[in-house]
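Sequences and hints are given; from them, build the entire structure.
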Amino acid sequence: MLGKRELEEILAIALQEGGDYADIFLEEKSNNVVSCEADRIERINSGREAGAGVRVLAGDSTAYAYTNDLSLPALKEAAYVASKAAAGREKGVTEIDLRKREPQVDFAITRRPELVPVEEKVEAVVRGNRAARAVDKRIVQVIVGYSDVRQRIKLANSEGDLVEDERIRTRYLVHVVAAEGGLIQTGYEAIGGLAGFELVEGDEPELLAERAARQAVQMLTAQPAPAGRMPVVMAAEAGGTMIHEACGHGLEADLAQKELSVYTGKLGERVAAEIVTVIDDGTLPNKYGSYRFDDEGTPSQRNVLIENGILRSYMYDRLTAARDGHSLTGNGRRQSFAHRPIPRMTNTYIAPGETDPEEIIARVPKGLLVKKMGGGQVNTTTGDFVFDVLEAYLIEKGKITVPVRGATLTGNGPEALQEIELVGNDLGFGIGTCGKDGQGVPVSDAQPTILIKQLIVGGTG
Amino acid sequence: MRERELAHWVVAKGQEKGAKLIEAFLLKHKSFSVQVHHGKIESIKQAQEAGLGIRVIIEGRMGYAYTSQLDTAPVEEALSQAIANANKTAADECNILPEPADQLPKIDIYDPLIEKTPVEEKIELAKAIEEAAFNYDRRVARSEQAAYEDTVYQVAIVNSRGIDVSYQGSFCGGSVSVVAEENGDTQTGYGMDFVLNFAALKPEAIGREAGEEAVAMLGARKVSTQRVPIVMSPRVAAQFLGVLVPALSGEAVQKGRSLLAGKLGEAVAAKDITLIDDGTLPQGINSSPVDGEGVPSGKTVLIEDGVLKSYLHNTYSAAKDGTRSTGNASRPSYRGTPEIGPSNIFLEAGRASREELLQDISQGFYITEVLGMHTANPISGDFSVGAAGLWIEKGELAYPVRGVAVAANILELFQGVEAVGNDLRFYLGYGTPTLRFRPLPVSGE
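Chains as they are written, first to last, in the numbering used here: chain V, 1 to 461; chain L, 1 to 445.
In case anyone wonders, no lab produced these hints; they're calculated from the structure. From a predicted model like this one, the values you see are computed outputs, not experimental measurements. A hint or two may mislead.
To be verified - Cut-off 30 Å, straight-line C-alpha distance, at most; resulting in silico cross-link-like pairs (DSS-like, lysine-lysine):
(1) K100(V) <-> K76(V)
(2) K222(L) <-> K366(V)
(3) K40(L) <-> K266(V)
(4) K263(L) <-> K137(V)
(5) K255(L) <-> K371(V)
(6) K137(V) <-> K88(L)
(7) K28(L) <-> K17(L)
(8) K222(L) <-> K371(V)
(9) K154(V) <-> K4(V)
(10) K28(L) <-> K76(V)
(11) K263(L) <-> K299(L)
(12) K30(L) <-> K4(V)
(13) K30(L) <-> K436(V)
(14) K127(L) <-> K84(V)
(15) K399(V) <-> K366(V)
(16) K106(L) <-> K309(L)
(17) K309(L) <-> K271(L)
(18) K116(L) <-> K106(L)
(19) K116(L) <-> K76(V)
(20) K309(L) <-> K255(L)
(21) K127(L) <-> K28(L)
(22) K271(L) <-> K299(L)
(23) K397(V) <-> K222(L)
(24) K436(V) <-> K222(L)
(25) K436(V) <-> K127(L)
(26) K299(L) <-> K28(L)
(27) K84(V) <-> K116(L)
(28) K28(L) <-> K436(V)
(29) K453(V) <-> K222(L)
(30) K13(L) <-> K28(L)
(31) K271(L) <-> K394(L)
(32) K436(V) <-> K154(V)
(33) K320(L) <-> K263(L)
Listed below in structure tokens is the structure:
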């Protein structure tokens, strides 16, 4: 990658038309995928990509130019194209003196994936496949995927910051299909982290595969989920999709500033029940959404978004922080060099409370227990959200009874947060790729076992 | 074209290194986008990108590698990596590469005007989209953003069996998201269109659609849990079609993850349903002379009058089934192996107007927006999604409704189509008219 002197030269070109701020983001990424389906290793795919993007801010507008030609002339050309954001302004001479910034947190990677022989990765996949297939005869297909990504970034900006970071992420997923008498059901489990191959060492592949397989088989005999409004208990192990959708997205500053969020203008106000505290923390050790620096070179940090029910902060990138006169929160992220940074979540969770999870279930006369959540979506303007349920059970008279399938839960963000009645003393994480404005970034989210007074269960029963 | 030479070089070099079957896929594109917010430019993006994917098959074992750096050293490294990867996968005699075709369909998918039009005009177009949304009604209070974007791309595919094709294409599109406001109630609306020809992009229509949708939803209520007939707008029906399509993949059928497995020749949908995939469709956003492996694009009737006629195939799944590829090797990027996907897939239009579809419904739900469509399970076919739209009373659209959920199985849904509208519309590669369905459970209060 380019040296300090060349980066300074590129930034000077980017600002030659009088822009307020410029940065250049250089990225090198290598990626390995091993996947198994139909009981055999079908695909091994390895790739390398590199590219750079130059951004110029001028007033409220952003110009972004990117290329995967990393030669100095190509990058100067990109800087020249981006500099036009400020066309028509008074031109200025900018002196940039880049200084390297050191990270405030560090993450240990025990086994770097590039040093792990491909045979071991294949073996981890084969073991998951074998374990899933051994669970039940009704399992008709098992897909196991392992992937590792090494992303190295370098960011230099006109404030003089020079930041380098390396992010190693590993992911392992198991998808199981079970069939009986024309009915097909599926089970899904995934783990991922800012971690190396250690993520899938030990008996992790077997445990994950067996869980996914049991889920698929159980859903064959599950009865259709009920339809209508009822109390819902979400187990800690269900993951954090609900909090991600119900309030996370609405607290991203770009949406809030454009008055496209139900949480716009509510800083300091009560937006959730008093027992609810929501935190976004990019510094958590080895979680899927963690990093040392965000994609604008800001150190990651722990941000309390909602404290005992009171809205405390939005999540900012550089552009939105400047607009609100707020300090940087380390939430400026991008999918790759081909995208401009926008405010995004990292690892978002509801802080654990005091109630014993079993006691929470015992308190529900009739309701739904969500054991595993899938994906979700939110309309931040109205606050309406949905999230998919992969595994659920009926609760009757405080006891877990029969499994049910085919339900999505629907609610409204602020209403649902007000109606959280109990918060457990446990905490469980889930991982995912969060999509916004056509950009996908790795995130994790978590929650303790919670009881929500009522949500709409979209079943057919 | 330098890219084509590089592809030839890779194929020759790979054969030298012992990869008897080898394919090089090169993609190069230039794109532009602008986003405006309340009449001002919010961001402008200009880019160029290129990449090469190498697929090798050695004694039935397939390996893949890719690189975005097209210099000799990284390309050679990718080639060695693809060969190394092939040595660790399992053999399958159906891993083969296609042969060249005698003739390729002649279709026009490149509009020089997209590249020639000055940036200023494109910015004005984005502004015009937003303005049209605001002009629709004074209750349209804010916009999230309005955008224009375009891409011009070149593809080259060369393989060791003699395929040697390259082509150029382009497309452009516009979109806008707006918020309407009245008496403290806020509702959102969205408009979007993607086309092959610059002249076909109509900013007024995109803006109006967004404004109309947001305003129509003002004052939305909730309804109680009940079972009523459902009508879907083309945009919503196209999203549901997207859940059915994976079941048509020949590979999904072979691997036991399709609801349509073993059903060729059987009635799988209502008799008014005819589903077609056409990679040569004039003005089709996904039209191209060849698919992602260089097999000529074609037209495939998948479901005819409700009866399942064919699956979608690439070269691998066709070999498994002892049939011919339908030209549906999908390859959105150079980063992956060719999988199976639709090109332009659509339900043939019927005769009824939207009014006629509604007229004899005493109580029903006309869905214009769904939330969480990506959570539908294309393998089991089960879906449960958040929905918003307009309540139907006595054959007319009566009042807006939101915050409800609709659940069913995708096959049951398409078996329950009662009538097909005459207003076929495409949303990216998916086209459907307005559809009317038998009663489904709507979960509410």
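Going through the hints against the structure:
With a CA separation close to 22 Å, the supplied pair K100(V) and K76(V) stays within the 30 Å bound. Restraint check for K222(L) and K366(V): the C-alpha separation of about 23 Å stays at or below 30 Å, so the hint holds. For the hint linking K40(L) to K266(V), the alpha-carbon distance of about 27 Å falls within 30 Å, and the restraint holds. With a CA separation close to 23 Å, the supplied pair K263(L) and K137(V) stays within the 30 Å bound.
Note on K255(L) and K371(V): the hinted pairing holds, with a Cα-Cα distance of about 28 Å set against a maximum of 30 Å. Pair hint K137(V) plus K88(L) holds up; C-alpha atoms about 28 Å apart against a cutoff of 30 Å. At roughly 26 Å between alpha-carbon atoms, K28(L) and K17(L) fall within 30 Å of each other, so this suggested pair holds. Under the criterion of a C-alpha separation no larger than 30 Å, the hint pairing K222(L) with K371(V) is consistent with the structure, at around 28 Å.
Between K154(V) and K4(V), the direct Cα distance comes to roughly 11 Å. Compliance with the 30 Å bound is thereby established for this hinted pair. With a C-alpha separation of about 20 Å, the suggested pairing of K28(L) with K76(V) holds against the 30 Å cut-off. Simply put, K263(L) and K299(L) have alpha-carbon atoms about 21 Å apart, close enough for the 30 Å limit, and the pair holds. Taken as a hint, the K30(L) and K4(V) pair is honoured in the structure, with Cα atoms around 29 Å apart against an allowance of 30 Å.
Between K30(L) and K436(V) the CA atoms are separated by roughly 22 Å; this keeps the pair inside 30 Å, and the hint holds. Under the criterion of a C-alpha separation no larger than 30 Å, the hint pairing K127(L) with K84(V) is consistent with the structure, at around 19 Å. Proximity of K399(V) to K366(V) is assessed by CA-CA distance (about 9 Å); at most 30 Å being required, the pair is judged to hold. Between K106(L) and K309(L), the direct Cα distance comes to roughly 26 Å. Compliance with the 30 Å bound is thereby established for this hinted pair.
A C-alpha spacing of about 13 Å is found between K309(L) and K271(L), which places the hinted pair at or below 30 Å, so the restraint holds. With a CA separation close to 23 Å, the supplied pair K116(L) and K106(L) stays within the 30 Å bound. At most 30 Å may separate the alpha-carbon atoms for a hinted pair to count; K116(L) and K76(V) meet this at roughly 23 Å. The suggested pairing of K309(L) with K255(L) holds, with an alpha-carbon distance near 19 Å, which does not exceed 30 Å.
Using a Cα cut-off of 30 Å, the hinted pair K127(L) and K28(L) holds, with the two alpha carbons roughly 29 Å apart. Taking the CA atoms of K271(L) and K299(L), the gap is near 21 Å; set against the 30 Å cutoff, the hint holds. Between K397(V) and K222(L) the alpha-carbon distance is near 29 Å, which keeps this suggested pair within the 30 Å criterion. At roughly 28 Å between alpha-carbon atoms, K436(V) and K222(L) fall within 30 Å of each other, so this suggested pair holds.
Under the criterion of a C-alpha separation no larger than 30 Å, the hint pairing K436(V) with K127(L) is consistent with the structure, at around 22 Å. Simply put, K299(L) and K28(L) have alpha-carbon atoms about 27 Å apart, close enough for the 30 Å limit, and the pair holds. For the hint linking K84(V) to K116(L), the alpha-carbon distance of about 19 Å falls within 30 Å, and the restraint holds. Between K28(L) and K436(V), the direct Cα distance comes to roughly 25 Å. Compliance with the 30 Å bound is thereby established for this hinted pair.
For the hint pairing K453(V) with K222(L), the CA-to-CA distance comes to about 18 Å; that is within 30 Å, so the pair holds. Between K13(L) and K28(L), the direct Cα distance comes to roughly 22 Å. Compliance with the 30 Å bound is thereby established for this hinted pair. Among the hinted pairs, K271(L) with K394(L) is consistent with the structure: their alpha-carbon atoms are about 26 Å apart, no more than 30 Å. Of the supplied pair hints, the one linking K436(V) and K154(V) holds, its CA atoms being roughly 23 Å apart against a limit of 30 Å.
Simply put, K320(L) and K263(L) have alpha-carbon atoms about 17 Å apart, close enough for the 30 Å limit, and the pair holds.
This entry satisfies every hint, going by the numbered hints stated previously.
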